[in-house]
Amino acid sequence: AQTVTQSQPEMSVQEAETVTLSCTYDTSESDYYLFWYKQPPSRQMILVIRQEAYKQQNATENRFSVNFQKAAKSFSLKISDSQLGDAAMYFCAYLLSFRDDKIIFGKGTRLHILP
Amino acid sequence: NAGVTQTPKFQVLKTGQSMTLQCAQDMNHNSMYWYRQDPGMGLRLIYYSASEGTTDKGEVPNGYNVSRLNKREFSLRLESAAPSQTSVYFCASSEMDRGHNEQFFGPGTRLTVL
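Heads up: the sequence lines are chains A and B, in that order.
With our numbering as the guide, the letters of the first sequence map in order to residues 1 to 115.
With our numbering as the guide, the letters of the second sequence map in order to residues 1 to 114.
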């Protein structure tokens with residue numbers, strides 16, 4: 001069965017600094033998707049970034065980028081120039097492409113931004 | 001375009017009471033989902049519906065029932081609430097198309113069972 005592991009329950013970073021959140025997953029499949037979702041104190045789940053496993057190029061969205069290591073089954077999220085609004089829970093998630101509609105979520109990393 | 005809406009936002013029940021959580025989406029998505037979120041547990045899938053007229057169990061279905069009323073609406077019912085069902089419940093929808101397969105979430109319902 002597929003699993004998603006986020007080994008850092010909490011992290012802190014100074015405002016304007018860079019932080020990396022870790023995620024590893026376990027799968028025997030070759031075609032899948034990975035996501036990072038952000039959940040601020042408002043509770044709303046917001047998609048941050050998406051990576052397709054068949055693409056070797058790492059996805060980027062403004063200050064957010066990923067380091068996708070398919071062989072190592074690692075999918076870390078880098079946040080550059082951290083801002084106070086980045087404070088949230090971040091969830092890593094896995095979707096098996098097309099054969100299954102279900103997304104599997106990690107347990108989350110709470111990110112604190114220090115002013 | 002409201003996205004995914006959920007009602008109610010908050011609810012307090014006594015053990016044994018029943019209630020239905022409502023969810024609707026206006027994005028014409030085929031797939032809809034119900035999750036529960038507990039501290040330290042992330043999001044766990046309760047039930048999902050890949051298309052109108054179909055429903056399937058997720059990771060934690062016990063104590064819940066669902067109805068996919070039409071393409072827009074997907075309700076979650078607790079027949080006899082238990083304190084272990086105290087949680088935040090999220091509804092989500094997605095298209096499950098290769099280019100657009102992320103899930104869109106509602107604002108959540110905080111349920112307390114006394």
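I should point out that these hints are in silico values taken from the structure, not numbers from a laboratory.
Quick reminder that beta carbons are idealized off the backbone N, C-alpha and C, glycines included.
Mixed in with the good hints there might be a few duds.
[Stated by the list, open to error] Pairs of lysine to aspartate or glutamate residues, derived as EDC-like cross-links and limited to a Cα-Cα distance of at most 16 angstroms, are as follows: (1) K73(A) - E52(A); (2) K73(A) - D31(A); (3) K107(A) - D38(B); (4) K102(A) - E79(B); (5) K78(A) - D31(A); (6) K102(A) - D26(B); (7) K107(A) - E59(B); (8) K102(A) - E59(B); (9) K102(A) - E102(B); (10) K102(A) - E61(A); (11) K73(A) - E10(A).
[Said to hold, decoys possible] To give an idea of the chain A side of the interface with chain B (calculated C-beta under 7 angstroms), a few residues: (12) I103; (13) G106; (14) G108; (15) R110.
Okay, the hints, checked on the actual structure:
1. K73(A) - E52(A): Distance of about 13 angstroms is within 16 angstroms: holds.
2. K73(A) - D31(A): Roughly 12 angstroms separates the two Cα atoms, so the pair holds.
3. K107(A) - D38(B): holds, 10 angstroms
4. K102(A) - E79(B): Distance ~25 angstroms between K102(A) and E79(B) Cα, so the pair is violated.
5. K78(A) - D31(A): violated, 23 angstroms
6. K102(A) - D26(B): Roughly 21 angstroms separates the two Cα atoms, so the pair is violated.
7. K107(A) - E59(B): OK: K107(A) and E59(B) at ~14 angstroms, within 16 angstroms.
8. K102(A) - E59(B): holds, 10 angstroms
9. K102(A) - E102(B): The given pair, whose Cα atoms are some 11 angstroms apart, holds under the 16 angstroms limit.
10. K102(A) - E61(A): Violated: K102(A) and E61(A) sit about 24 angstroms apart, past 16 angstroms.
11. K73(A) - E10(A): Distance ~21 angstroms between K73(A) and E10(A) Cα, so the pair is violated.
12. I103: holds, 6 angstroms
13. G106: With a closest approach of 6 angstroms, the G106(A) hint holds.
14. G108: holds, 5 angstroms
15. R110: The hint is violated - R110(A) has no Cβ within 7 angstroms of chain B, the shortest such distance being about 10 angstroms.
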